[in-house]
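Colleague: Here is how the chains run, residue by residue.
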Amino acid sequence: MIIRSSLIGNSLLLETETVNRIRSELKKKLGLPLKILLDFEAVMKVESFRSKKVGIRIKCEKIHSLFPKYGGARSNSSSSSVSATVSDANCEGFHFHSSETKMVDSANGATDLSSEMEVDAFRRLFPLRFHERHLLESVRPDARPLGKARETSLALGAVASADGSALAKIGSTTMLAAIKMEVMTPANETPDEGCIAIDFHMPPICSPIVRPGRPAEAAPVVSKQLADTIVRHVFFYFFSLYNSGMIDLKELSLVSGKAAWMAYLDIYCLDADGALFDAALLAAVAAFSHLQIPVVSLNDDGRIVVFSKENVGEKLKNKPVNEEKRKLSLRSIQFGLTCIVHKNYILADPTAEEESIMETLITIVLDSSYQLVSLYKPGGPALAYESIIQDCIALSRQRVRELQTILNEAICDMEVD
Amino acid sequence: MAAKAGAAPATYSPSPTSFKKKRPPVFTDVDWVRPDGRDFHQCRPAFLRTGAVNAASGSAYAEFGSTKVIVSIFGPRESKKAMMYSDIGRLNCNVSYTTFATPVRGQASDNKDISSQLHKSLEGAIMLDTFPKTTVDVFALVLESGGCDLPVVISCASLALADAGIMMYDLVTAVSVSCLGKNLVIDPVSEEENYQDGSLMITCLPSRNEVTQLTITGEWSTPKIHEAMELCLDACSKLGKIMRSCLKESASTSQE
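Residue numbers (the working numbering), protein chains in the order written: chain V, 1 to 417; chain D, 1 to 256.
Rather than coming from a laboratory, the hints here were simulated on the basis of the structure. Fair warning: there could be bad hints in the mix.
[What the hints assert, rightly or not] Footprint (simulated), chain V over chain D, 3 or more residues, beta carbon under 8 Å:
no., segment
1, 42-56
2, 69-83
3, 96-108
4, 139-145
No experiment lies behind these values; they were computed from the predicted model shown. Virtual Cβ for every residue (Gly too), placed ideally from N, Cα, C.
Using the sequences provided together with the hints, build the complete structure.
Modeller: Here it is as structure tokens:
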């Protein structure tokens, strides 16, 4: 006869409250009351004949274990034994069919609220298993299919004091972008080019991780990514600085060699729930398409001032410098999509929770003609195969189409107003 | 930005920015119209919403004219390690401005001062003993500053605290009044604040009729102070009602 046995030990994390209760009970004279619950499942197999699973449950109660009173260091040693009183302990055993108990469990679950609590506890204690269980069913905890991005909305002109602004919302991730135009003296090497300064901020209101005085790690990363995407500089082999970004910096020139626009683009994250870069890029692009450059003129001191109609009569010589250049022409409009790669699954547009559990991210930026602009895969435990990257690009193609209609609708809405 | 940011050329805004040192004559006359056409004793329309930020345990958005504010509440959560043991909870307040909040970029006023005033006005209304050993963080971001920033931040913060379920004796409402020549104007805009002779701000618990903070700056006469305080308290109780109805509304929509 062969007895095969396997033991599964489930270790459980205890809540602090429970630990505190146990700690106080350890000091009691009676000792710590223990309850032992053992579940066995036995199967008999004789050649091809196989019995049903028989469940045996042994329950032992009223065992009082006394713990030695010396310090923690010694009680760790394996040699010390611990006595327990079992005088009034009672044990009982009974058998059950495992299939039956399962049914009972599920029946209970449907009626009371405790099962709801358990799902929530399970989500917090075993986040990875919780999510993998969902992935098996090709669905995500917020009921989205894997490849679908969250609902996205866009509002232009949200900040009245800025020259161009937009509020972008992807799910609950919210970004507010605003552009302020200021005047600068262009650098000697590029006398007829303006400049764009991009800054991404994560104020403490946006996430419990950020605290005042301790900026979020993600902020400078996203800031750099945005700058790289919007204003890219490519060195050509004959040493000419060729700018291939979204905006032609030459359009920002006012008076060659004397004055040019400096566009300060500040993006604030108001609510951080994953896919920060995608939302920030969308807000930035929308702010640029909303941008209205103020009409300015050169005054007698050589400074650029806002051209106002009141002055027209008295100073005819101060003509506006940029009457016909009120809007920037965006050479290509770029949209981004972040995907999580986990095993064989690709999850588009992750939430903050998903990002914290499955750490491999791929961010793809495409322009409006579906050309690949950039691709970030900042490390992560999962390796990306070519096929996965191609799948991600296919997903972002779809997303670009969606975002383009959203942006066009937002621009139309604004023009109607 | 990458290559050029290092150079960081000095820039200036083309719009006329520096406020004229002399205040315009309109403000000294007895009869003048406020920049936004309000009566002297009329507040700006208030727009309030709770639940603006999902990541926070409670939040609120407030818009009074062109002043726009978001407040998030985090906690009660573990106090910083360096903190001493405390039987009662702690309140940590921080106010920051966006770079585009003010007409001139990055010219926000001193935040530390506003943060500590926010702390002082809320402290008295919160039942700190309900969350011992922990900290409640109140973070505010002024999206656009259009005058009366601090009172708006305070009212919005108390709404956010209520949204987060932090126990309070009452909602905290704040209103300020500016003294301009012979006139008292309630809920002043930035332009009026720049030319004011004095200002008075009250934060109070409207249904208990208690004042948590009273700030008076500038030139005041005693009867003027009385008049201003009455104006403020009256406005506070009205604002309290608006905030209460906003909370009720959000509670009833969340139940559905």
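Colleague: It remains to establish, for every hint, whether it holds in the given structure.
Modeller: Now for the hints, and whether the structure bears them out:
no., hint, in the structure
1, 42-56, "holds (count 5)"
2, 69-83, "holds (count 5)"
3, 96-108, "holds (count 8)"
4, 139-145, "holds (count 5)"
No hint from the list above goes unmet by this structure.
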